[in-house]
Amino acid sequence: MPFKWIPASLILVLLLGACAPFARPALAAAPVVDWRPADVRMLDPIDSTSSTHDLIAAYLRLVDSDLQIRLDLWQNEDPLDYDLHVALDTIPGSGAALPALAGADFAWDLLLTAPAKGDPTLTAREGLVIDPARPRVVRDAGLDTITLSLPQHLLSGRLQVAALAWISLPGERTALDLIGPFRLEDAPAARASLLLEFWDSLPSNTPAQLLRRWDGAHTGPYGQRHGLRYLLLAAQSYQLPLTLLDLAQPGSLRGLELVGGLDLVRSLQNSGLLELPENGTALPAYADLIVAHNRQSAADLGVHSGQSTFGYADSVGGGML
Numbered sequence: 000m001p002f003k004w005i006p007a008s009l010i011l012v013l014l015l016g017a018c019a020p021f022a023r024p025a026l027a028a029a030p031v032v033d034w035r036p037a038d039v040r041m042l043d044p045i046d047s048t049s050s051t052h053d054l055i056a057a058y059l060r061l062v063d064s065d066l067q068i069r070l071d072l073w074q075n076e077d078p079l080d081y082d083l084h085v086a087l088d089t090i091p092g093s094g095a096a097l098p099a100l101a102g103a104d105f106a107w108d109l110l111l112t113a114p115a116k117g118d119p120t121l122t123a124r125e126g127l128v129i130d131p132a133r134p135r136v137v138r139d140a141g142l143d144t145i146t147l148s149l150p151q152h153l154l155s156g157r158l159q160v161a162a163l164a165w166i167s168l169p170g171e172r173t174a175l176d177l178i179g180p181f182r183l184e185d186a187p188a189a190r191a192s193l194l195l196e197f198w199d200s201l202p203s204n205t206p207a208q209l210l211r212r213w214d215g216a217h218t219g220p221y222g223q224r225h226g227l228r229y230l231l232l233a234a235q236s237y238q239l240p241l242t243l244l245d246l247a248q249p250g251s252l253r254g255l256e257l258v259g260g261l262d263l264v265r266s267l268q269n270s271g272l273l274e275l276p277e278n279g280t281a282l283p284a285y286a287d288l289i290v291a292h293n294r295q296s297a298a299d300l301g302v303h304s305g306q307s308t309f310g311y312a313d314s315v316g317g318g319m320l
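Under numbering that gives the first Met the number 0, the residue at position 194 of the sequence shown is numbered 193, and the numbers go up by one with no gaps.
Warning: the hint list may mix true and false statements.
[Claimed, not checked] With beta-carbon atoms standing in for the labels, derived distance ranges:
(1) 261 / 291: 48 to 58 angstroms
(2) 118 / 239: 31 to 41 angstroms
(3) 137 / 49: 20 to 30 angstroms
Hints are computed from structural coordinates only; laboratory data are not their basis. Beta carbons: idealized from backbone N, C-alpha and C, even for Gly.
Input sequences plus hints: build the corresponding full structure.
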């Protein structure tokens, strides 16, 4: 009977399907390119009435076929509590005014809007929404940044791009803060001097306190290990100079010796990554005596304290540094 061949045919079809090659997986996204100081186009002072909606830095660059913009906020708590607007001037000498920003002397050709809720849009100055060129938006809650990527072909082949960015509350038009104009061809913003100072570095009143403050077990803000050890390792890994204002005193240094951290401190000092001021945190009348005692205690352990002083010292006018 011909019907007897039906089950066998089905089995054959299944076997042939299993032997067919798998579909080629989708191509992976292009690797993320790290942002560099040369990409910074503008630094803005902390000037917003809302500290959580304060734009402090703007980056602009071309990567492969994309124009990328990164904006840093001061201390944003919720990455979805604001709308972001970026006006782009891609054709110098033309463009429309910005009605949402009274007094802003900036003519735009493209307006990129990234609402707190919903998809981002790109609008031409004629009011036409360019749907196929939907920009990509990444809001990073950990770094307080927002990054936008736009196809470069929309720039009309020009590299003279200027941008003006501002943020507003969701669904509102009033700007809470703005930054710009900044331009692609501008020189990178000058680097600012920065001194990373920490105090209450390693209190060692009890063994338990010493262990927690050096290498605390699951006591960090996210339940992870934390402590001075990880701060020093991060400084070593990323080559970031630190100043620990009150570590160069006998109690902390002896505690550091007990937990095995002296070698790390010496290594950082020898490489110029760690500054330990002399300590005179005592009554002013005894400050210089305490400073001398602390200096000798540090030297006995192979640690050298710097030329600056933290605390009271007659040699620096009796003030607190």
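Results for each hint:
no. : hint                          : in the structure
1   : 261 / 291: 48 to 58 angstroms : violated, 21 angstroms
2   : 118 / 239: 31 to 41 angstroms : holds, 38 angstroms
3   : 137 / 49: 20 to 30 angstroms  : holds, 22 angstroms
The structure fails hint 1 only (numbered hints given earlier).
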